[in-house]
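Participant: Residue numbers (the working numbering), protein chains in the order written: chain A, 1 to 350; chain B, 1 to 350; chain C, 1 to 350.
I should point out that these hints are in silico values taken from the structure, not numbers from a laboratory. Treat the hints loosely; a few may be bogus.
For identical chains, the list gives no copy identity; a pair is met inside one copy or between any two copies.
The calculated DSS-like cross-link candidates involving lysine-lysine, where the alpha carbons are at most 25 Å apart (straight line), are [said to hold, decoys possible]:
1) K321 <-> K285
2) K338 <-> K201
3) K98 <-> K201
4) K285 <-> K98
5) K201 <-> K321
6) K338 <-> K285
7) K321 <-> K335
8) K321 <-> K98
9) K335 <-> K201
10) K285 <-> K342
11) K285 <-> K335
12) K342 <-> K98
13) K335 <-> K98
14) K98 <-> K338
15) K342 <-> K201
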Amino acid sequence: MSTLPTNPRSYRLAELASELGLSYRGDGQVRIDGVGTLSGAGPGEASFLANPAYRGELETTRAAAVVMTAAVADNYAGNALVSANPYVDWARLLGLLKPPPPIMPGVHASAVIAPDAHIAASASIGPGTCIGAGVRIGERVRVGPACVIDDGVEIGDDCRLVGRIYIGARARLGRRVIVHPGVVIGADGFGLAMDRGRWLKVPQVGSVRIGDDCEIGANTTIDRGAIDDTVLEEDVRIDNQVQVAHNVRIGAHSAIAGCVGIAGSTRIGRYCMIAGASGIGGHLKICDSVIITAMSTVLDDIDQPGEYGSGIPARPHARWKRLLVRLGQLEEWAKRLKRLEKPNKNHGPG
Amino acid sequence: MSTLPTNPRSYRLAELASELGLSYRGDGQVRIDGVGTLSGAGPGEASFLANPAYRGELETTRAAAVVMTAAVADNYAGNALVSANPYVDWARLLGLLKPPPPIMPGVHASAVIAPDAHIAASASIGPGTCIGAGVRIGERVRVGPACVIDDGVEIGDDCRLVGRIYIGARARLGRRVIVHPGVVIGADGFGLAMDRGRWLKVPQVGSVRIGDDCEIGANTTIDRGAIDDTVLEEDVRIDNQVQVAHNVRIGAHSAIAGCVGIAGSTRIGRYCMIAGASGIGGHLKICDSVIITAMSTVLDDIDQPGEYGSGIPARPHARWKRLLVRLGQLEEWAKRLKRLEKPNKNHGPG
Amino acid sequence: MSTLPTNPRSYRLAELASELGLSYRGDGQVRIDGVGTLSGAGPGEASFLANPAYRGELETTRAAAVVMTAAVADNYAGNALVSANPYVDWARLLGLLKPPPPIMPGVHASAVIAPDAHIAASASIGPGTCIGAGVRIGERVRVGPACVIDDGVEIGDDCRLVGRIYIGARARLGRRVIVHPGVVIGADGFGLAMDRGRWLKVPQVGSVRIGDDCEIGANTTIDRGAIDDTVLEEDVRIDNQVQVAHNVRIGAHSAIAGCVGIAGSTRIGRYCMIAGASGIGGHLKICDSVIITAMSTVLDDIDQPGEYGSGIPARPHARWKRLLVRLGQLEEWAKRLKRLEKPNKNHGPG
């Protein structure tokens, strides 16, 4: 419940460069205590240029200093922090200027903690949070308000569970995992058997394992495994409203954008990137370093790295409706083409 | 925790017409104390006809009175409330007959309120709700149970947060905003920089601004901005399970149906309507008065008002599979067409 | 808060067969106290073979016994439980070996219960849960932590609400309904009327009725009806992150996979199956026994049982982009085809 830094920090440009291990150009004495976009930053605020599309904004920015590449800095008269990777160094600069608030260790009086739960003394447990039997919570973990952590869960050091999160029985989170509000980890997967005209629920008895340095976006769901566990390897980054079904395995360093659905037992490789609102079918194998473009449907294994997709960009609706009519005619067209190609072809459709 | 009106109201038709500023036809003394659909309404219940498709149901309805246009009323023998816009006047009639329950001002004993939060005396705070440092809650605001409102949030007069809602640090809601359960406003956006083979989180330091009269549907997520704020202008209406990424801006009076995803930094104009399950790419500009049809993918700027789409209506699966085969042949067909068009064309495929 | 069985049970194979009403082959004295996949099971663990694709794993499995058909058992040298429907009997076996934990009847001290709510003495209400006026909770119901159950809700015998669930006013759940975390039942539907340039909210006054034996997956939303109720008939099974809009009716025994959206007033028949991430338009009628394949868009009534779809499988992106170009040319191609088919045709495009 305290996300605001109590003491925003202030640096001179030369100090900031030194802290970040970067060189700077211009006035090393200028004071920096905030951040802004190139167009929005005012005096005392740092900014950055990573996307060349915004380069024109350098001419009018009022930022006190701008993180940029050496090549850009060579033609810039203002104050610069020179970086080989401006977006990475911008993230590091934000970590200095906008540090997360300090942890206030302790368990809120309104939290409900099972007697045999083990909570590190350096951890913080927010109001109204319920922690079940045998749970282990590591050093410096922050569990925000209104979380439900079921029996036997293990949460590694330095995790942050922002608030209003559910974690099901026996799930294990590695270290430095960040979980955003509304996330449900370890609910039952969708296991059903049809038994004489009625569905029979197949009990789901696996759990969820999440590696170090993963991040799970708001309202994302990750189901427990049917028998074995659902697994996220280390450094997997998942955006909001993603659905990860039972027994999915996502390889290290993969990133999944918002609204993606991944059906049961699919394995996604390492360093994959899945763009927004795509759907990945069940029981598939996607190899390492695959990129799926937005709103695509993956229904087959992919065994070669590269970019795949099936999203269709929107057009004016009247034109799209005419194209849909033509699409529906393709079977007939196949016959017409074939007929036209016959040496003694019979002209005319039908 | 009290959504049921304690005293359902009762009106005579003539009184109802007078309250709504409408004329009526038929028996002004008939008593009305409930509502129903044309086919479901019984005695004492009002109904409405806005969609001409349901006009046939007028012949058999048992409704005590029906809101309808004058043109329809001219041929209707029953009791009518005559309206230039029956759906609008139906909404107003519901406001009279089914008013929201009165606010019970006060803070529930189990709520956890930071000492320096400012909560108007006329506001109501439900059980288990946590309110952080420096939060400001306006007059007649209802915050239901189990909400988490982080530090520095401002909530304008007459807002209604139904329950089980998370609002992140420093978000600002205007007046009369309605937020449904499961909503997450102000979680971190999906900001990542690749740093020597590992993702580095880019701290998200902006917040969310929501204008007057917005409504946010259940389990929708609206991320905080990366640097500047994510913004909903006034009277934006968002359905359930919509994802609004960091730094999106949605213009006044736009409506977004369920399951839509809007990627980062996209600007949507005023009076736009986006139908269900569509995906809007990042960094786009959509002008005013654009309609996107269901399950479309928008990947380009739109600078002309009008209707756009790319959804494909389902067909019998066997036929769809054959069309997919043809779709996959289009590149080859292009060559065949070209060959056929050559004056001395070479007959036959390949 | 106690999902872990305290005393995992142990059976001899002959006992297990007897309990399940199955015959067995092999060593009836072998002890079984756990479960595993064919490849993962160790000594003391049962497994199953339902999908022929995994038959090869029988050769190397270390499982103590495997549920399988008689035909497979005829060629299997290990211990077998012989079943006409191995997946169904596997579900039943899991019910024996991994029974849900016993209910601990009673209301947690931190729950907030309206004075006139009626809660069966055999029910269990978890910490922090809020129960409104006039709510009725049946025998052996488990309501987990941090749930919000609004006024007038009725919950039938043997339901299980796992935790962090919202149920809106007057919703009625039948018997044995399972609701997973993050679910929102009975939030307002998306009812809006445009009134002189501004949206007017149409009050939503219906509720939700859910039949016996339904299951609702994590973070799914089911809106209350506008006037009449939204209805799930008995034995409807819904996966995670599904959106069911106001006044939808879903027929008995239908199953809806993850991330599906169903727009308002649509009626889905009995024994339908809707695969992941599909979108179903509003005001449609889908008859019984319809299967919708993954990521399809249904925009028309369906009055014949069978399989329908419009999802497009992803391809390598470069190839997909070329196909999109061809798709955009289909209108022009229609003219070219017609021209080629004319007896005195004019060769060449344009």
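Participant: None of the hints should be skipped; say for each whether it holds.
Facilitator: Verification of the hints:
1. K321 <-> K285: Classified as between; 22 Å across copies, 35 Å inside a copy.
2. K338 <-> K201: Answer is neither; intra-copy 52 Å and inter-copy 56 Å both fail.
3. K98 <-> K201: Intra 48 Å, inter 13 Å, cutoff 25 Å: inter-copy only.
4. K285 <-> K98: neither (40 Å within a copy, 30 Å between copies)
5. K201 <-> K321: Neither, since 42 Å and 32 Å both go past 25 Å.
6. K338 <-> K285: neither (38 Å within a copy, 39 Å between copies)
7. K321 <-> K335: both (23 Å within a copy, 17 Å between copies)
8. K321 <-> K98: Neither: 50 Å inside a copy, 42 Å across copies.
9. K335 <-> K201: Neither: 48 Å inside a chain and 53 Å across chains, both beyond 25 Å.
10. K285 <-> K342: neither (43 Å within a copy, 45 Å between copies)
11. K285 <-> K335: This pair counts as neither: shortest intra-copy Cα distance 37 Å, inter-copy 34 Å.
12. K342 <-> K98: Neither way: K342 and K98 sit 73 Å apart in one copy and 67 Å across, limit 25 Å.
13. K335 <-> K98: neither (66 Å within a copy, 59 Å between copies)
14. K98 <-> K338: Cα proximity of K98 and K338: none, with 67 Å in one copy and 61 Å across.
15. K342 <-> K201: Neither, since 58 Å and 62 Å both go past 25 Å.
The structure does not agree with the numbered hints 2, 4, 5, 6, 8, 9, 10, 11, 12, 13, 14, 15 stated previously, though it agrees with the rest.
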